[in-house]
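Line order of the protein sequences matches chains U and P.
Numbering follows our numbering, in which position 245 of the first sequence is assigned residue number 245; successive positions increment by one, without gaps.
Numbering follows our numbering, in which position 89 of the second sequence is assigned residue number 89; successive positions increment by one, without gaps.
Simulated from the structure, these hints should not be mistaken for lab results.
For each residue, glycine too, the CB sits at the ideal point set by N, CA and C.
Misleading hints may appear alongside valid ones.
Here are the computed distance ranges between Cβ atoms for each label pair [said to hold, decoys possible]:
{"id": "1", "chain 1": "P", "residue 1": "Q73", "chain 2": "U", "residue 2": "Q51", "range": "55 to 63 Å"}
{"id": "2", "chain 1": "U", "residue 1": "L55", "chain 2": "P", "residue 2": "V118", "range": "24 to 32 Å"}
{"id": "3", "chain 1": "U", "residue 1": "D67", "chain 2": "P", "residue 2": "L156", "range": "33 to 41 Å"}
{"id": "4", "chain 1": "U", "residue 1": "V79", "chain 2": "P", "residue 2": "G256", "range": "33 to 41 Å"}
{"id": "5", "chain 1": "P", "residue 1": "Y154", "chain 2": "U", "residue 2": "Q166", "range": "52 to 60 Å"}
{"id": "6", "chain 1": "U", "residue 1": "V110", "chain 2": "P", "residue 2": "Q73", "range": "34 to 42 Å"}
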Amino acid sequence: MSHSTTTLARIGRIAGIMVLVVAAMVALGPLLWTVTTSLRTPAEAFGNPPQWLPLHPDFSNYSAVFDRIPIGRFFVNSVLVTGLIVAGQTVTCTLSGYAFAMISFPGRSVIFGIFLATMMVPLQTIIIPVFVIIRYLGLSDSPLSLVVSALGSAFGTFLMRQYFMQMPRELGEAARIDGAGHFQTFLMIYAKMAGPAIATLAILNFSGFWAEFYRPLIFLQSQDSFTLPLGLVGLQGNLGTGSISVVLAGVVLAILPSVVLFVFAQRYFIAGITAGASR
Amino acid sequence: MSAVIADVPKTVVKRRSHPAAHGEARFGFAMIALSVLFVAVFTAIPIVASLGLSFFSWDVISSPQYVGLKNYQQLFNDGPVLKSFGVTLGMALAIVVLQLTIGLALAVLVNQRKLVWVRTLFRTAFYLPLLASTAAVSIFMGYLFDYKFGVVNYYLGVLGIPNVAWLTSGFGAASTIVLIAVWQQVGFTFVLFVASLMSVPTDVLEAAQIDGAGPLRTLFRIKVPLISPTILFAAVVALINAMQLFDQPYIMTKGGPGSATTTVTIQMYQKGFQNLQFGYGSAIAIVLLAAILVITGLQFLAARKLVFYQ
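Just chain P, with the same shape it has in the complex (with noise of 0.2 Å):
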């Protein structure tokens, strides 16, 4: 071992020198030049730009004004911005805790040994959603949950249940909105979980069911603290998305009714882009950034009692 750590500067002394060396690493250099280049024009400054900004007044065409904290103290007096913080944490809470429940669930009953055949037949059908832009998504589900014309509500109406305001009352549109997000994403958690479960040992199984351990015991017990690593990595990409929810409250009810579906990007884009109010819409952009990694930090502290690494 010591023979080992002693040896190390020496070879690090000897390639520095060799002009082989030299070469090798020009041409990492060359290799990564176009990435690095892009990533940090578009990626990397930017954030350091986007928290720099957060310090000024700027409407793009005069000159930058160097404002201080002045930014984020508007924002935590903006009742409409602080509200749309708490508008988006509730869906967004709404949206990871349905799409990794039913996510699992479907997982689950996929994964039953004699449904094999089948499996690619599911994962289709749950995939497609995935593959629509929210955009055209956004437009046909308009049409789907329309309180008149709608086929849901045509629907309900056959069961004897009368018209819902689904995307015209406050409460209707923002569960909506939660709806058709989980309807589109539960094919991402689903096709995680489906990977995840096949790589359970099929003899940690068989063992389970002759100690006498039904199917619920099994999932609850052996299969789900198998694959908890994966349940955290679907549960912080899921929230990271979902607090980021624009495109379906964007375009199917502007943030209405009201400001029942004014998510914080809505927000942000209305200040920054409409408003010309590149500073503030920065400060926006900041502490949502900060939510999401407060958030996520939260995650994994919980994760740590939770999740059963191997």
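Extracted from the complex, chain U is given alone in its bound form (with noise of 0.2 Å):
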């Protein structure tokens, strides 16, 4: 009985895994043949069968991406729009996080109240009066119409204060005991034990924003002031089937930085999202 308990549990477990190399197969599977193909020959672009290993790497077709269309262009607004943001809600954010955890003052529970609130409320409800807002404002198809669009962010707040809030009130007394005004002690002592946070919002905020389409397609009109995602459609259209090994080189630049970034930092884009489960 126990024998054949066993090799079930075996059986089972050797199953379990079969299934989940299956899977990381086919999650990994478009992205490696859109890294490959984008290293083929324009000639035997649309070959069958489909090469798995770039055995003869050809990068012409990512010296094509930068000749056909201005790619470059689109990576520097997307690198400006993308950190802009990130630099601006690190400072709204982390002020405004430490606020609604650590200092008492009259309305605070009910404008977090209404910030949690607007975290429920899908983009798609507010685009149309955001537009219009930024018409009014002048920025009509320009890249920083994103970026001011996004400086502040409930999201980010209410992680931040989830951060200060776990930090202990006796540093800051101390502190203040010492001399240090409000502001000094904020920035030397938590805005410094906060760095973690700060991090993790910084990467979320830098994948969420470089990936961004739905925005940039309403806000942005001339090819100049396209961002990478935006440039990318566009350039599929205006190649037709021709060569999608260039489209393809084109896609790999753009996922690029995002990808490397998780290598280096897979902890926080995990904490992220570990984070946003335990409100």
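Fit chain to chain and form the complex, with the hints in mind.
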């Protein structure tokens, strides 16, 4: 009896591992295909069977992307937009998260409650008024419109607040007794300790806004102001079916920064997801 | 207890009159000022504005005309828009069910004690699709699911299965977009469930094992109930996301063939930003919000019976 149970358990475990391996292949397959096809010569771009290992990589598609479309421009726009949002939210969310966690002021819970409620509202619901406000601000068709409308974040504030709530108040009190001002205490003690939370917020914002398609589609009209995802979709349309490999080279270039960041900072991505779950 | 209650007003009075408390409040307001400004202008006020705008007819150029409930009357008589709600709901439910089931199954499999060393490896594999933008994913998946040249049909051909009209038939296109959304999003639920399963106390699992519970019984009687709050959270987030499905159908099928993948958000985009019917677009957005709130509410009601809080 016990012998057959262990055999059964072993078979079960091996079957489980096989399911996981197949699932991992399904998850990675399309990405791998994208990379290897971007390395095919234009002549063999359409060829099946698919090439899974880049045995004779041809990097000409990558230079072709730069020749055919202003991908350098898209890249600069994406870096500018994402960088400014990351920097801006780091400031706004760290300040407000600290205040909601550590300082008592009248109306605090009401204002925080409104913040939390806005987190439930989908972007689509507010996009028309936001578009109108952007127009009134004279930012239509400017990459800056993407930045300005993303500088405040209820989720970011919430994330930072959760982190500051765990910090001991005694540290600040000690600093105050030593004569430090409110802001000095915040900056020199608590903000410094909040490094991991700030990293989580910055990394989530980077990968989120780097990949954004919906707002750029609505806010931006001329190709010069396009960000990468928007530019790539345009590239695909312009080239038709002729050069899959060139389009895919652009796709790889667009995805690469997030992947590299993930490899080096996995735990911050995971921390972001699980922090969201514990509200 | 009563002494504490009697104490409260006194401290409040004392703090209000204290200059330091004044300073603290002022500091608090200063600290939240930037966030409040941006969240108010670009989130909170637009919610109210969207509701207000839905009672107007406006093409951005001429001045808005108050039309009362006309936009909503139009909406509930607009066949294509009503159909887009059906399409969205159908696709969203399929996405959520698949994403949760597959995510949970993979998380349970990876969470076996003997697999700890490969956990990071699988986590990376399932997370990577999440990092690609939906635009990029839509582009390469479009090639992979191509009827003639696509890799998917090539391998089906190897197995002797004739070419499938993945993106060129109505049901096929909707199913393909569901599959692609699940492929990309499953890593999110997977990561959540793995973290949650790791917090299930081992002594409970050992006790179950001693009582002779098999792996399936342990899963459904112990693990699933213990992580049910996380499952509810994942279901709510996944559904709110799926109800907003836009990028993949917009890029891959333009809502077609016919209107098979025209989601609510595509309808809203066309009415609002392409036809410049800002009032009507807002009405669609408000009904979408209402639908999401109702469904989320139903999820929480259902969860009252099913979710187990420790």
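Quick check: does the Cβ-Cβ distance between Q73(P) and Q51(U) fall within 55 to 63 Å?
Since Q73(P) and Q51(U) have Cβ atoms about 57 Å apart, the given range 55 to 63 Å holds.
V79(U) versus G256(P) beta-carbon gap, inside 33 to 41 Å or not
35 Å, holds
For Y154(P) and Q166(U), compare the CB-CB distance with the range 52 to 60 Å and indicate the outcome.
53 Å, holds
Taking 34 to 42 Å as the stated bounds, is the beta-carbon spacing between V110(U) and Q73(P) within them?
36 Å, holds
Can you let me know if the beta-carbon spacing of L55(U) and V118(P) is within 24 to 32 Å?
28 Å, holds
Outcome of range test on Cβ distance (D67(U), L156(P); 33 to 41 Å)
36 Å, holds
When the structure is compared with the earlier hints, no violation turns up for any of them.
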